[in-house]
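S.K.: Residue strings, one per chain:
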Amino acid sequence: MVRYPAFFPLILLVLSIAINLFLQPNMFDRETLNSNMRVFLPLILLTVGQAIVLLGGGIDISVGGVVSIVNTILATRVGLDGSPERMWQFVMISLLVGALAGAINGFFIAYLRLQPIITTYATSFLYAGLALFILPNPGGGIPADIANLYRTSTPLGLPLAFYVIAILLMVWIYISSTRYGKYLFAVGGKATAAYETAVPVTWIQLSIYIISGFMAALAGIAITMLSGSGNAEIGGQMTLNSITAVVIGGNAFSGGIGGVTGPVMGAVTLSLLQNIISFAHINTWWETLAKAMIIVLALAVPGIINLVRRRRA
Amino acid sequence: MTKSLSARNIVKHYGGVIALSDGNLDVRTGEVVALIGANGSGKSTMSKVINGVVVLDGGQLLLDDKPVNLSSPQAAKNMGIATVFQELSLIPQMTVAENIWLTREPMTAFGTVNRNALQEKTEQLLSLFRGTYKTELRPDDTVGSLPPDEKQLIEILKAISFNPWMIILDEATASLDSRQVQRLFELIKEWKKAEKAIVFISHRMEEIFRIADKYSVLRNGKTVGAGDMKDINNKELVKLMIEKESVFSFSRADSKNENKDKPVCMEVRNLQTDSLHGVSFCIHEGELVGIGGLRGQGQRDLLLSLFGDIPYTGEMSIFESNRKLRHPREAMKQGLALIPGDRAREGLLYIRSILENLQLPSWAQYGFPLRIGKARKDAEAVGASLNLKMAGLAEPVSSLSGGNAQKVVLGKWLMRKPRLLLLDDPTKGVDVGTKAEFYALLTRLCSEGKTILFYSSDDEELVGLCDRVLVIHDGLIRTELSGASLTKENLIAASLGASNEGAV
Amino acid sequence: MKRFTISPPVAALILAVILFLLSGFLPNSYGSDVKVALSQATNIVRLSVFLGVIAAGQTLVIISGFEGIDLSAGSIVTLTAILSYVLVKGENNMVLPALLVSLVVGAFIGLLNGAGITFLKISPFVMTLGMSGVVTGAVIIINHGNVSGKVAPIMTRLIARPISQSIPIPGAIVIWLIFGVLMWLLLERTAFGKNLFAIGVNRVASKLSGVNVTGMNLATYSLAGLLAGFGGFLVVGNTGVVLIQLGQPFLFPSIAAVAVGGTLLSGGKGSYWGSMAGAIVLTLITSLLTTMQMPDSVRRMVLGGTLLILISIYGRQQALRQ
Chain A
1 MVRYPAFFPL ILLVLSIAIN LFLQPNMFDR ETLNSNMRVF LPLILLTVGQ AIVLLGGGID
61 ISVGGVVSIV NTILATRVGL DGSPERMWQF VMISLLVGAL AGAINGFFIA YLRLQPIITT
121 YATSFLYAGL ALFILPNPGG GIPADIANLY RTSTPLGLPL AFYVIAILLM VWIYISSTRY
181 GKYLFAVGGK ATAAYETAVP VTWIQLSIYI ISGFMAALAG IAITMLSGSG NAEIGGQMTL
241 NSITAVVIGG NAFSGGIGGV TGPVMGAVTL SLLQNIISFA HINTWWETLA KAMIIVLALA
301 VPGIINLVRR RRA
Chain B
1 MTKSLSARNI VKHYGGVIAL SDGNLDVRTG EVVALIGANG SGKSTMSKVI NGVVVLDGGQ
61 LLLDDKPVNL SSPQAAKNMG IATVFQELSL IPQMTVAENI WLTREPMTAF GTVNRNALQE
121 KTEQLLSLFR GTYKTELRPD DTVGSLPPDE KQLIEILKAI SFNPWMIILD EATASLDSRQ
181 VQRLFELIKE WKKAEKAIVF ISHRMEEIFR IADKYSVLRN GKTVGAGDMK DINNKELVKL
241 MIEKESVFSF SRADSKNENK DKPVCMEVRN LQTDSLHGVS FCIHEGELVG IGGLRGQGQR
301 DLLLSLFGDI PYTGEMSIFE SNRKLRHPRE AMKQGLALIP GDRAREGLLY IRSILENLQL
361 PSWAQYGFPL RIGKARKDAE AVGASLNLKM AGLAEPVSSL SGGNAQKVVL GKWLMRKPRL
421 LLLDDPTKGV DVGTKAEFYA LLTRLCSEGK TILFYSSDDE ELVGLCDRVL VIHDGLIRTE
481 LSGASLTKEN LIAASLGASN EGAV
Chain C
1 MKRFTISPPV AALILAVILF LLSGFLPNSY GSDVKVALSQ ATNIVRLSVF LGVIAAGQTL
61 VIISGFEGID LSAGSIVTLT AILSYVLVKG ENNMVLPALL VSLVVGAFIG LLNGAGITFL
121 KISPFVMTLG MSGVVTGAVI IINHGNVSGK VAPIMTRLIA RPISQSIPIP GAIVIWLIFG
181 VLMWLLLERT AFGKNLFAIG VNRVASKLSG VNVTGMNLAT YSLAGLLAGF GGFLVVGNTG
241 VVLIQLGQPF LFPSIAAVAV GGTLLSGGKG SYWGSMAGAI VLTLITSLLT TMQMPDSVRR
301 MVLGGTLLIL ISIYGRQQAL RQ
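Chains as they are written, first to last, in this note's numbering: chain A, 1 to 313; chain B, 1 to 504; chain C, 1 to 322.
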């Protein structure tokens with residue numbers, strides 16, 4: 001089995017930090033670090049969910065749609081002059097919505113046994129359409145002071161994002177050592193064998209999509225707090241980014257191999273690379289192309305490495 | 001405390017195919033029951049019904065004479081029934097320890113898996129077979145990297161770890177070497193003493209006579225006989241299995257020595273692949289050469305590399321010219337054909353029509369646009385020559401019975417008039433009547449000047465059909481048997497590793 | 001689960017007819033005027049042509065199995081539309097070169113997709129999605145500011161207008177019919193087509209029967225790109241204008257069209273006739289929504305829901321317990 005070392009995303013991460021540092025020497029200043037991390041956090045949250053889905057042998061294309069739905073819900077229901085109570089109320093509702101969206105995916109995939117890719121592709125349209133329905137034109141938003149809370153929080157001098165990441169990683173370390181964690185790897189590795197061993201495959205498959213939906217909702221909340229306003233297309237690009245981050249992070253597409261740490265590093269790396277493009281003062285017209293090529297390259301590298309390995313053997 | 005499980009009149013079908021129409025089995029603690037039957041007789045289905053993996057369509061299961069419903073693998077496990085599966089139920093990406101204890105991992109107070117306990121318990125289990133492993137086999141080894149025999153042992157250990165009262169061993173010895181089989185049988189004897197019940201599914205008569213107390217024979221989905229092992233002998237068992245004493249109604253009388261003067265069809269020197277460690281031999285035109293040995297010793301690799309499907313090192317010359325085959329197409333150009341071992345996975349396109357299956361390698365010959373009419377005629381001709389029973393060329397191949405489906409696999413190659421046929425266990429899962437047709441066909445092809453090289457896991461087949469047999473053990477040809485030395489006893493001995501360093 | 005005994009393309013056509021008849025009840029529709037109904041129906045079919053051509057490449061990659069799909073089709077359409085627009089500049093004699101460029105560029109992008117999928121083992125979904133981003137990036141570069149160009153009269157003449165005064169069938173439909181026959185020939189009467197179905201069902205058995213699976217993969221994705229390029233050429237010939245998002249609205253419907261037409265999303269079975277019927281159904285749904293003045297959001301939800309329903313009927317895989 002190709003045990004793709006979590007080494008690779010680490011090296012990539014260090015490299016991107018180095019290049020970024022070069023172009024933006026004040027990168028580790030509290031202000032800049034915080035500013036960067038709060039931009040990266042939504043993708044990181046999304047990637048964690050996607051990583052777990054991939055581990056379990058699936059994939060979730062609809063995450064961007066869920067992000068958009070949550071954003072539009074908060075922007076319309078809370079509004080610029082909403083109260084903090086209302087905000088927290090709708091944060092809770094958003095988390096439920098995310099889990100529900102995931103459960104819908106999970107129902108079709110785990111119980112009706114449809115293919116994950118095409119199912120979540122269909123629901124991605126459904127969810128994106130719903131977001132657009134809730135908020136046809138960009139507008140609305142959340143109260144400025146709540147947004148500021150997110151933007152400027154630096155407990156003990158470290159960006160809020162650091163704590164979130166730390167909590168996520170600790171939760172993952174715990175989960176991966178529980179029976180559920182073993183079941184996850186088993187189902188992703190070889191579902192038929194897991195079934196014969198009396199692992200509750202269907203319920204595991206359902207759960208990974210609920211987790212993904214939940215994480216997507218968290219990402220939606222984070223990005224709403226970041227931008228402060230509503231835009232139904234906000235989640236559009238994030239799906240491909242989350243998949244790329246997971247691939248960089250070393251999780252196998254077929255499932256059963258990898259973790260969450262690697263993908264988190266992958267998400268930070270990808271975000272840094274996109275940062276680098278912005279800083280390299282490339283012609284605006286070329287920016288989109290450059291960012292897209294980074295993604296294709298990031299996707300290609302694990303494949304190239306395996307190709308070389310196979311040729312050598 | 002005696003426990004018993006009975007299966008009565010079990011019916012099971014997969015779509016239109018009837019796997020069991022009247023399956024019966026009685027299992028009691030302290031006994032080993034051998035469940036016997038030819039391939040396709042329903043043995044595996046029976047074990048799957050008992051361990052809850054498939055749902056039964058008719059009949060009942062009785063636990064201590066009370067009806068019981070085994071509705072899932074979990075239910076069977078809860079009843080104390082553990083199975084060693086034919087298609088391993090191991091997760092390749094996980095470790096030995098994780099695989100064995102999956103769903104029953106020792107836990108800590110925090111709800112996480114107790115890794116030390118896991119390690120210890122695994123070591124304890126691994127020690128049961130210590131001394132028979134080829135590799136170091138540690139609890140942390142990834143299962144995917146293990147050789148097939150060790151994977152099988154892990155599967156056995158996994159079943160034992162449930163501490164079941166009933167263990168089903170479904171072709172569990174298929175990949176094991178003789179030492180491992182010996183150790184397993186010692187364990188089985190201990191299990192009997194510990195009041196466990198064992199169902200031993202196998203087609204290896206020697207093993208059955210060594211270990212079983214009772215027998216139960218399935219034929220074409222029906223139980224046709226059951227009783228004590230001491231009341232029956234080999235011949236009678238075979239008769240129950242296949243209604244004949246031997247499938248070979250013709251004799252292999254004519255000496256095939258004249259083939260040595262015929263031109264060399266294929267010569268192989270030092271062929272190496274992942275499981276072959278340097279094989280050399282040569283075959284003359286018109287010969288019917290068999291490959292023997294226990295499954296998994298490299299026979300499959302040999303056939304696949306001869307057909308250009310897998311990479312290899314070494315030299316090969318076909319019809320006197322040296323070749324390096326990189327793709328089946330190149331092999332086909334040289335006049336080779338391969339009838340693969342797993343017909344569903346490797347030989348047929350199940351949802352496509354019989355016509356498309358028969359013509360798959362040959363469409364290029366029909367021009368552009370394809371002359372479908374001519375393709376149909378040619379396909380019908382081949383079907384007729386093979387006595388293929390089908391509703392029509394446009395029907396999907398999935399509508400055919402096992403034997404007829406295998407004929408399609410054969411037919412698609414015969415259409416191309418190959419000069420050398422490679423076959424990987426061609427009569428596996430084929431009913432008796434079709435088997436006889438096959439044997440007649442193979443011998444006829446040889447007398448027409450074609451050359452055949454085939455692997456079979458059935459010793460009778462090899463002895464009955466072949467001019468000579470090359471027995472592979474552990475990646476090398478250890479023995480060559482022909483003429484008077486080609487007997488079942490010699491074959492079995494050679495499969496287990498005895499060698500005569502025969503002529504190459 | 002019920003088995004459908006009518007072949008899926010026919011079922012799709014029946015669905016289209018039913019939808020069309022139902023649409024007669026809407027305000028602003030044809031009411032009971034047969035002539036208007038006919039002209040509206042012709043218009044729907046004409047509109048379906050473009051989706052239909054774009055769905056052709058999608059049909060091929062989906063038949064080829066292994067979760068084959070082409071998400072770059074939309075962006076290829078946009079790219080080749082712009083290239084044609086810029087190259088032609090209103091000159092009739094530049095039309096053929098523009099067509100050739102569209103085909104070659106599309107084929108090249110398709111080849112890149114095929115290479116990533118075959119050699120780097122990147123999943124087709126992810127590969128083509130990533131490539132779509134790259135192509136869009138290229139479109140932005142070409143398009144920055146405004147492009148200057150014009151469609152040649154002969155293009156509009158052939159595509160948008162009827163063939164002649166006596167035959168009121170738009171040229172596009174005739175092109176589509178010829179295209180449909182060619183696609184049928186490709187799939188059912190060439191070794192390529194037979195091999196395509198074979199690899200869609202079982203790659204291992206195909207290789208062991210001598211099929212060059214790698215070559216087929218590369219050829220299929222290149223062909224899909226080429227067909228998307230052709231689609232872009234046709235689209236710009238019809239509308240005469242280019243937009244950044246010209247091709248994107250065709251992407252999701254192209255996949256849904258293939259599914260409606262009964263081509264199994266797991267590969268190995270299907271036909272282009274089905275995709276043609278599917279394209280008509282989808283164009284009908286979209287135009288119905290437009291007539292009912294539904295916003296884009298509803299359109300998206302309906303499309304998503306439609307695909308979901310379709311795969312629930314056609315796309316269920318084997319249960320864990322048999």
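Derived by calculation from the structure, the hints in this document are not laboratory data. Among the hints, a few may not be true.
[Unchecked claim] Think about it this way: if two alpha-carbon atoms lie no more than 25 Å apart in a straight line, the pair counts; the simulated DMTMM-like pairs of lysine to aspartate or glutamate are:
#1 269/C x 378/B
#2 207/C x 330/B
#3 207/C x 274/B
#4 207/C x 57/B
#5 207/C x 136/B
#6 377/B x 91/C
#7 269/C x 274/B
#8 374/B x 296/C
#9 269/C x 380/B
#10 207/C x 22/B
#11 207/C x 171/B
#12 269/C x 330/B
#13 207/C x 140/B
#14 121/C x 274/B
S.K.: Find the hints from earlier in the document that the structure breaks and name them by number, from lowest to highest.
M.R.: 4, 5, 6, 7, 8, 10, 11, 12 and 13
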